[in-house]
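Peer 1: Chain by chain, the residues run as shown.
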Amino acid sequence: MAEHILELRNISKAFSGNRVLNNVDLIIDPGEIVCLCGENGSGKSTLIKIISGVYTFDAGEVTINGRCYHRLSARQSIAEGIQVIYQDFSVFTNLSVAENIAMNYRVHNKKRFISDRFNRELARSALAQTGVDLPLDAMVEQLSVAEKQIVAISRAICQDVRLIIMDEPTTAITQKEIEKLFEIIRGLKRKGIAVMFVSHKLDEVMAICDRIVIIRNGVMVVDSQAQDFPREKLVFFMTGKEIEEEGFHYAGEETEAKPLLQVEGLSLAGAFTDVSFSVRPGEILAVTGQLGSGRTELAESLFGLRPATSGTIYIDGVETPIRSCRDALDNRIAYLPEDRLSEGLMLRRSLGDNFSSAVIDKLTNRLGLVSEKRVEELSVRWMTDLKMSPKHYTTLASDFSGGNQQRIVLGKWLASEPRIFVLNCPTVGVDVKSKSEIHAIIRDLAAQGLAIVLMSDDVGEIMASSNRVLIMQGGRVVFENDTEKVSESELNDRIIGAYREEAVK
Amino acid sequence: MKTTTKRLLRRIDRKTVQLLLLAVVLFVVMIILKGDKFLRAKNIESMLFQLVEPGLFAMCIGLAYLSKGIDLSVVTIANLVGVVNGIMLRTCLAPDGSNVGMLLALCVVIAVGVGLTCGIINAFFISNIGIFPILVTLGTQNLFMGIAMMLTQGRAEGNFPQPLMDFGNAMVGPIPLLTLLFLLLYALMCVVVHRTPYGRKLQWMGSNSKVTWYTGINNRRITYVTYILSGLLAALAGLVIMARTNSAKADYGSTYVFQALLTCVLAGISPLGGTGKYYNLILSIITIQITSTGFNLLRISPLIRDSIFGILLVLSIFIDYVSQTQRTRRLNRAAIRQLQQAGEKEAVE
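Protein sequence lines, in the order shown, are assigned to chains G and C. The opening position of the first sequence corresponds to residue 1 in the working numbering, with each subsequent residue numbered one higher. The opening position of the second sequence corresponds to residue 1001 in the working numbering, with each subsequent residue numbered one higher.
Looking at chain G on its own, in the form it has when it is part of the complex (with noise of 0.2 Å):
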């Protein structure tokens, strides 16, 4: 049996004592077309980057071609032949294809002169393995999407490569371009190249790879041959709903309360355009839809972060122009951003400072003084109404575990005393039972009378947890429906753009 290509044994890793990886083992094979799956969140960019050096793991071994490592930098992994194609392809807009093809080549060889000459060769015998034809002096920032991809490819097999590693590589392009990209990878794939694809999208991966391997909260779920694998299981082993939740219950359909909030004909040049939808106290309004369906700039849009351009918000019946987060203070709404670690936490500053840091104005005594006996009160009064185990207000929010920093972020915006809450994927990277719980706090706050707009990817969340759901795409609401008149599977399809009418007859 030929040797592993790539073997990680316990691999662990935490940042800032939040563990993101737990005791992951890998192998990959020469040849083997590997996929992995997981949600936001659930560590696999992580994984991605300790494979490629970009990260240190905190514990655990990584083995390359039959060499052991305990620390690997990026020089270390590229030299094994493993090469990460990231999102954005991270080519170079300024250069030419060939200056581009050849600038790893060159980096890593310590060629210390530009040979145009080099270049161009280098540049054409790669190309040719992927069998498409690109000028080779075009400017790198006058190609397509598709075309920047060949070019990120082509940049990675000039070197020795043995694994490489694609991230989403399908999501920004055509149906015709992905056989196109599928037909390049089986090329690599005789030649004994490994290829590791990141994706969601269950259809494509099923059509190339050989095995599946599916990761959530840091640890692997499911290491699968490919044709051994249930596929209407993948959501599933994704998600991970092991603990029933009670579904929501929206009570308020009888009263035919008023909408709290209201949005007419809403859009952001650029992000979304002409979405509308109204949210009655009581409501959990769920609105979903991939990445760049711009969902992310809805919400900010309706905290003032980025102002619509057009369109009207309506609060309580009254035209509410919302153009800063100040507007939106004032009129009690409240935002939970979508990355808790980078735009929700202070990680480095106290639980007080964290809870205290939406309504520090209004915690000062008779002469504008910061009242510290406020702020421990506030905190306290937080830790327990969100159920966290008692800590000092001054100790650190990093000291924290995941579930319990949400709480934090969640708290910190609960005591502005908001009358509406955006949440934008407030479970992502909380382990199985506090997500379970703030479902619970979400549906307790609805009950108490707030109107909830929930932003989220994961399916079984809109199901248990809202009751109408808005898919967008591509900036516009393409759907609309109450959440107990939709399956999970037609969720799903929708969402990914997959369903079908005749599907259903």
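Honestly, the hints are just simulated from the structure, not real lab data. Treat the hints with care, as some may be off.
Here are the simulated lysine-lysine pairs, BS3-like style, with alpha carbons at most 27 Å apart [to be verified]:
#1 LYS1015/C to LYS373/G
#2 LYS362/G to LYS1210/C
#3 LYS433/G to LYS387/G
#4 LYS373/G to LYS362/G
#5 LYS1015/C to LYS391/G
#6 LYS1277/C to LYS362/G
#7 LYS49/G to LYS1210/C
#8 LYS391/G to LYS1277/C
#9 LYS373/G to LYS387/G
#10 LYS485/G to LYS258/G
#11 LYS373/G to LYS1277/C
The model shown is predicted, which means the values in this text are computed figures rather than measured ones.
Fit chain C to the given chain G structure using the hints.
Peer 2: Only chain C this time, still in chain G's reference frame:
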């Protein structure tokens, strides 16, 4: 009883203890080496006088540091204030000195105006245009000095009216009036940084400006307030320099910026933003003053002194950096250990 002491100890910053120890050790070392000269009342008095200017500049840079910025232009703002006031006094002072009171009041107005304008210029380029603070203030440092140079043709302004000199040299008991005013102002700034909503937001912005943005905190306003405060404090230092030295020069005190950077880093106010206690600054100011006076008494050349300060700065930043990375590494290891133990427990069950 025990828990209350513990709680009290927890509230005391580690850096405060370190700095206090350092200051005491240096003080004792100076007494041993040059006790006779060091402890002389005149020496103590001149130390108290001298720490005012670098102290004010350290207060400016400390503020900028907390916001994850830097303000290199402070000394030239002070000089610009001195030069403009010097020219104004030279041209407007009546020969009989009858209008001196009004002119000195005008000096204060000019100082506030210059400080405010310079602060706004810095904040505008940093916040509205989005250029790195270090580049902006390096540029404005030269700009402000250039203006002062043009106004004076490189000459020093001097011979200020007597009331200003009297004010600059006044004593309240054994303590110089200027030092006393400086300490009051410092105490006020400590309250501003540690106890006002602005101060909290300043530290939060320095620690993670993205989070404050997503929290609806107006980062731009914080940046403006910070650089304006820094400009005003620097302008005040300009008045102090006039009163104390009876002169104003476009390129006076060029080593002050560096000394202020060192003071802040020593106090644990990290250039990486958001961390450090403003109230530790005074200990660090005193420490640096003892060192600098010590060098003088020991007849160590100022040339060597500068390079020793340089080494100290790099060293403190290095220690700061290492202790931070060590901390995160420790945290990560602990998290994984905890998790593995939990896993083993599960396996046993």
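Peer 1: When the hints from earlier in the document are held up against this structure, which numbers fail?
Peer 2: none
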